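Note that our numbering has the sequence shown beginning at 577, numbered continuously upward.
A portion of the hints provided could be inaccurate.
[As the list claims (entries may be wrong)] Pairs of lysine to aspartate or glutamate residues, derived as EDC-like cross-links and limited to a Cα-Cα distance of at most 20 Å, are as follows:
| id | residue 1 | residue 2 |
| --- | --- | --- |
| 1 | Lys661 | Glu705 |
| 2 | Lys635 | Glu708 |
| 3 | Lys635 | Glu739 |
| 4 | Lys585 | Glu754 |
| 5 | Lys585 | Asp703 |
| 6 | Lys757 | Glu746 |
| 7 | Lys618 | Glu739 |
| 8 | Lys666 | Glu754 |
| 9 | Lys688 | Glu667 |
| 10 | Lys661 | Asp703 |
| 11 | Lys664 | Asp681 |
| 12 | Lys618 | Glu747 |
| 13 | Lys647 | Glu698 |
| 14 | Lys661 | Glu698 |
| 15 | Lys629 | Glu747 |
| 16 | Lys628 | Glu746 |
| 17 | Lys721 | Asp584 |
| 18 | Lys628 | Glu705 |
| 19 | Lys666 | Glu683 |
| 20 | Lys647 | Glu705 |
| 21 | Lys647 | Glu714 |
| 22 | Lys666 | Asp681 |
| 23 | Lys692 | Glu707 |
| 24 | Lys629 | Glu714 |
Hints listed in this document are in silico derivations from the structure and should not be mistaken for laboratory results. Please read these numbers as outputs of a predicted model, since none were measured by experiment.
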Amino acid sequence: NYNGENKDKHTISISNSVILGNPDARVTIIKWTDFQWPFCSKSVSLIDQILKKYPNDVKVVIKNFPLPNHKEAMTAARYSLAAEKQSKYKEMYRFIFSNYTKLKDNENLPMKYAKKLGLDMEKFIRDFESEEILRQIELEINQLKESGIPRLSVPKFLINGVEPTKKTFEEFSSMIDEILKI
Numbered sequence: 577n578y579n580g581e582n583k584d585k586h587t588i589s590i591s592n593s594v595i596l597g598n599p600d601a602r603v604t605i606i607k608w609t610d611f612q613w614p615f616c617s618k619s620v621s622l623i624d625q626i627l628k629k630y631p632n633d634v635k636v637v638i639k640n641f642p643l644p645n646h647k648e649a650m651t652a653a654r655y656s657l658a659a660e661k662q663s664k665y666k667e668m669y670r671f672i673f674s675n676y677t678k679l680k681d682n683e684n685l686p687m688k689y690a691k692k693l694g695l696d697m698e699k700f701i702r703d704f705e706s707e708e709i710l711r712q713i714e715l716e717i718n719q720l721k722e723s724g725i726p727r728l729s730v731p732k733f734l735i736n737g738v739e740p741t742k743k744t745f746e747e748f749s750s751m752i753d754e755i756l757k758i
């Protein structure tokens, strides 16, 4: 039952997090992610499939949860949010995830891509270094830590506040369809 009566329903503020899809959608998927984790990289296509199937009914809120043992994940999160300041988050997000194994050798790889995207590099670097972006990432980390959600692993998903039992297209679609019937 996904209509809000579930005792394991979590309320998480969007709080300036990046939104993919229709910002006014009835269904909100929150995804916490780490840019150096293969399972997070694999979940990019799952989110793409869901947004393609439900272009008007679903929004995906991306939150960062860089794991401490992934040394370049925090830097990648900062680069992605700096790209968001110039409306190029989706492009940077895809680039970083498709090159996540190369971050170990060059954590500044997203800088090259920012140039390729034609970003204002002075602004990009200023935003990357900003306290605002660091605070945003800290807030997103703490939202998951303080949520009461068991198992702080990523990718972590909530669909209208409820954690799906499986990270599959079928499970997500089933939950979304149930919500949209209400």
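Comparing the hints with the structure gives:
A threshold of 20 Å between alpha carbons decides the hint, and for Lys661 with Glu705 the separation of about 13 Å falls inside it, so the pair holds. Of the pairs offered as hints, the one joining Lys635 and Glu708 is violated, with about 24 Å between alpha carbons and a cut-off of 20 Å exceeded. Restraint check for Lys635 and Glu739: satisfied, since their Cα atoms lie roughly 16 Å apart, inside the 20 Å limit. Taken as a hint, the Lys585 and Glu754 pair is honoured in the structure, with Cα atoms around 15 Å apart against an allowance of 20 Å.
Between Lys585 and Asp703 the CA atoms are separated by roughly 34 Å; this puts the pair beyond 20 Å, and the hint is violated. For the hint pairing Lys757 with Glu746, the CA-to-CA distance comes to about 17 Å; that is within 20 Å, so the pair holds. Taking the CA atoms of Lys618 and Glu739, the gap is about 18 Å. The hint holds against a cut of 20 Å. The suggested pairing of Lys666 with Glu754 is violated, with an alpha-carbon distance near 28 Å, which exceeds 20 Å.
A distance of roughly 13 Å separates the Cα atoms of Lys688 and Glu667; the hinted pair therefore holds under the 20 Å criterion. At roughly 7 Å between alpha-carbon atoms, Lys661 and Asp703 fall within 20 Å of each other, so this suggested pair holds. Distance hint between Lys664 and Asp681 is unfulfilled; the C-alpha atoms sit about 24 Å from each other, more than 20 Å. For the hint pairing Lys618 with Glu747, the CA-to-CA distance comes to about 16 Å; that is within 20 Å, so the pair holds.
Among the hinted pairs, Lys647 with Glu698 is inconsistent with the structure: their alpha-carbon atoms are about 25 Å apart, more than 20 Å. Using a Cα cut-off of 20 Å, the hinted pair Lys661 and Glu698 holds, with the two alpha carbons roughly 12 Å apart. For the hint pairing Lys629 with Glu747, the CA-to-CA distance comes to about 13 Å; that is within 20 Å, so the pair holds. Using a Cα cut-off of 20 Å, the hinted pair Lys628 and Glu746 holds, with the two alpha carbons roughly 14 Å apart.
Distance hint between Lys721 and Asp584 is fulfilled; the C-alpha atoms sit about 15 Å from each other, no more than 20 Å. Restraint check: the Cα-Cα separation between Lys628 and Glu705 comes to about 34 Å, which exceeds 20 Å; the hinted pair is violated. For the given pair, Lys666 sits about 19 Å from Glu683 by alpha-carbon distance, which is consistent with the 20 Å threshold. At most 20 Å may separate the alpha-carbon atoms for a hinted pair to count; Lys647 and Glu705 meet this at roughly 17 Å.
A threshold of 20 Å between alpha carbons decides the hint, and for Lys647 with Glu714 the separation of about 16 Å falls inside it, so the pair holds. With a C-alpha separation of about 23 Å, the suggested pairing of Lys666 with Asp681 is violated against the 20 Å cut-off. For the proposed pair Lys692 and Glu707, the alpha carbon gap of about 25 Å is over 20 Å, so the pair is violated. With a C-alpha separation of about 32 Å, the suggested pairing of Lys629 with Glu714 is violated against the 20 Å cut-off.
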